[in-house]
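Student: Chains as they are written, first to last, in this note's numbering: chain A, 29 to 283; chain B, 193 to 574.
By construction, these hints were calculated from the structure, which means they are not laboratory data. Quick caveat: nothing in here was measured; it's all calculated off a predicted structure. Glycine residues also receive a C-beta, built at the ideal position from the N, C-alpha and C atoms. Be careful, since some hints might not be right.
What the hints assert, rightly or not - Going by beta-carbon spacing under 8 Å, a handful of chain B positions derived as facing chain A:
#1 P202
#2 P311
#3 A452
#4 H482
What the hints assert, rightly or not - Covered, in the sense of this in silico footprint (three residues per stretch, anywhere, with C-beta under 8 Å from a C-beta of chain B), are these stretches of chain A:
#5 77 to 89
#6 242 to 255
The primary structure of each chain is shown beneath.
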Amino acid sequence: MTAVVGPQAGPVTMIDEELSADLAGAALALARRFHAGATLWVLSPQWEPHSHHVAVEFVHPVIVGKRALPAVALVAADLVAETRIAVRPGDVVLAVAGADQAQVLDVMRRAPAWGVETMWIGYGDRPAAGAASHVLWVPSDDPMVPATGRFVLMYHLLWELTHVCFEHPGLLTVPDDDCTDEVCITCSDEGRLGEVVAPPAEEYAGALVRTATGEEYVDVTVVGDVVPGDLVIVHAGAALTRLEDSPQVGQWGPR
Amino acid sequence: MKFVDEFRDPAAARALVKSITELAGDDEFKFMEVCGGHTHTIYRHGIEHLLPANIELVHGPGCPVCVIPMGRIDDAMWLAEQPDVIFTTFGDMMRVPGSRGSLLDAKARGADVRFVYSPLDSVKIAIDNPDQHVVFFAVGFETTVPSTAVTLMRAKALGLTNFSVFSNHVTIVPPMKAILESPDLRLSGFLGPGHVSTVVGTHPYRFVPEVYGKPVVVAGFEPLDILQSVYMLLEQHRDGRCEVENQYARVVRPEGNVAALKLMGQTFQLRPHFEWRGLGFISQSALRVHDDFADFDAEVRFSMPGVRVADPKACQCGEVLKGAIKPWECKVFGTACTPETPIGTCMVSPEGACAAYYNFGRLHRETAQMVGQGAVGQGAGV
Ligand code: SF4
Chain A
29 MTAVVGPQAG PVTMIDEELS ADLAGAALAL ARRFHAGATL WVLSPQWEPH
79 SHHVAVEFVH PVIVGKRALP AVALVAADLV AETRIAVRPG DVVLAVAGAD
129 QAQVLDVMRR APAWGVETMW IGYGDRPAAG AASHVLWVPS DDPMVPATGR
179 FVLMYHLLWE LTHVCFEHPG LLTVPDDDCT DEVCITCSDE GRLGEVVAPP
229 AEEYAGALVR TATGEEYVDV TVVGDVVPGD LVIVHAGAAL TRLEDSPQVG
279 QWGPR
Chain B
193 MKFVDEFRDP AAARALVKSI TELAGDDEFK FMEVCGGHTH TIYRHGIEHL
243 LPANIELVHG PGCPVCVIPM GRIDDAMWLA EQPDVIFTTF GDMMRVPGSR
293 GSLLDAKARG ADVRFVYSPL DSVKIAIDNP DQHVVFFAVG FETTVPSTAV
343 TLMRAKALGL TNFSVFSNHV TIVPPMKAIL ESPDLRLSGF LGPGHVSTVV
393 GTHPYRFVPE VYGKPVVVAG FEPLDILQSV YMLLEQHRDG RCEVENQYAR
443 VVRPEGNVAA LKLMGQTFQL RPHFEWRGLG FISQSALRVH DDFADFDAEV
493 RFSMPGVRVA DPKACQCGEV LKGAIKPWEC KVFGTACTPE TPIGTCMVSP
543 EGACAAYYNF GRLHRETAQM VGQGAVGQGA GV
């Protein structure tokens, strides 16, 4: 637990016990992804300097002897399009943004189709439960939070803990018993998220769909016409349903 | 071993576990997850050990591989062994034991058995092998039926004469009814299947609260989805409500996929009754190929033996499928029956309760016994 003295009031808990655990979990996930060859892509549509700061943090380590890690700030006006092109399966997307940022919400919901892990740093109202794999939230609604250094502290710690994980190589590979992720992909109730790349070129041809494992042709007969960017649930070579369009829907939790 | 810190959004998971514990109070709850995918998630992530002891999750008949009776496997093997037949199937059907071994054994004996990812792949095989007859072994709930339906449509449109489907598709609602009628199981509610509901929607479950007075929450497949769904079931209990709710709203629409349902209606018909392993005959619980597609119905084109075969004496899959016993309570669990040498079907598919428990649950349980349930709870950050 980290406590510092606030400017006006008494001690402020910057990183409480639960957030510490979440930071540690995010750092371990990040270290594992880097170890496997990932790149970290950073978005911050409201506070662009944060995206550059995070990328610099990882690429130019401030501690001598720490390895540089691939990280890039994404700053295009259309962040969804830029992220779609940038990421490869196994990468990580980190957003520093409020929970109401439509582009970030859209990136987060598409991420499983791109095969990327997601992290989200922010403050104020939390995004819906499960909106990202790791939600690192400052428990304050003070509008000055993005400028006070609390985000900086958060991603500095994330960076530092990631390097702590690198000092323990045994942590970097997923234990064998965790790899028994076999599910019966065909006859079970499995459904994978896919993003349409191109609609069918002719009758009986499938649509080209991007999923976490790459691109494949998928029958779209029962979902009707599709256009690039549509999100579909794929089961046994066929799309079962198309997710609704708005990034505000298709999010976690009941509706 | 997986704990809440490794879940998606651990903070949300911790908050849910806390709320569930408060909401459950001292009452006893027994919720059934109908779908094998849920069973897999529950065991893989040790969710049973995160929940308070007064909430029990029991595993239902929602693994389509597990409910196929041995006689149908024997028929599949008979088909595979016919001259000039290429028999195509999903990978997990290959090891399901019939009375004369499995499809893998038939393949070893020389039958042309091929694993496909989609039934549409079987059509490609038929086009590439015009001198042979290709049979697709269709298995699965409503999630998988649309893909077989599209395949039948395509085969007809292409005018294929060397392709047929051996349909073993089953439907989800009749076994739920059978379980609700079962006197030996007192359930507090259901976690409804996720992707089946993508096709059928949430309306078909209305009879559960309306006739049987039990709530249903259609659930997604992440640990967080399961926790959220358990929470929603408890909320209904607290509020005195009993209805069908949809936790998996990011994917499932109340009306399901209307186009898929229409296509299924054109290509399949309900069978008057069908035998379910361990559950016996259940009326209107399975689909056969529609009369309009009789040319593509393997059961019409071939005279299969169709012999009923009793399960091995030691097998208690029926009780496991009804949630009456836990996998480890079966006498042969982990000894004579393992994923390498399955006696019952529940040990074959990774979604089968016995295989899921063998792979993951056993470890959680052993750890829980070693360190005590409370310590596991602390380790889970609850
Ligand atoms: S242990 Fe084997 S025989 Fe016993 S219920 Fe499970 S699958 Fe069936």
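Student: Which of the listed hints are not met by the structure?
Tutor: 4 and 5
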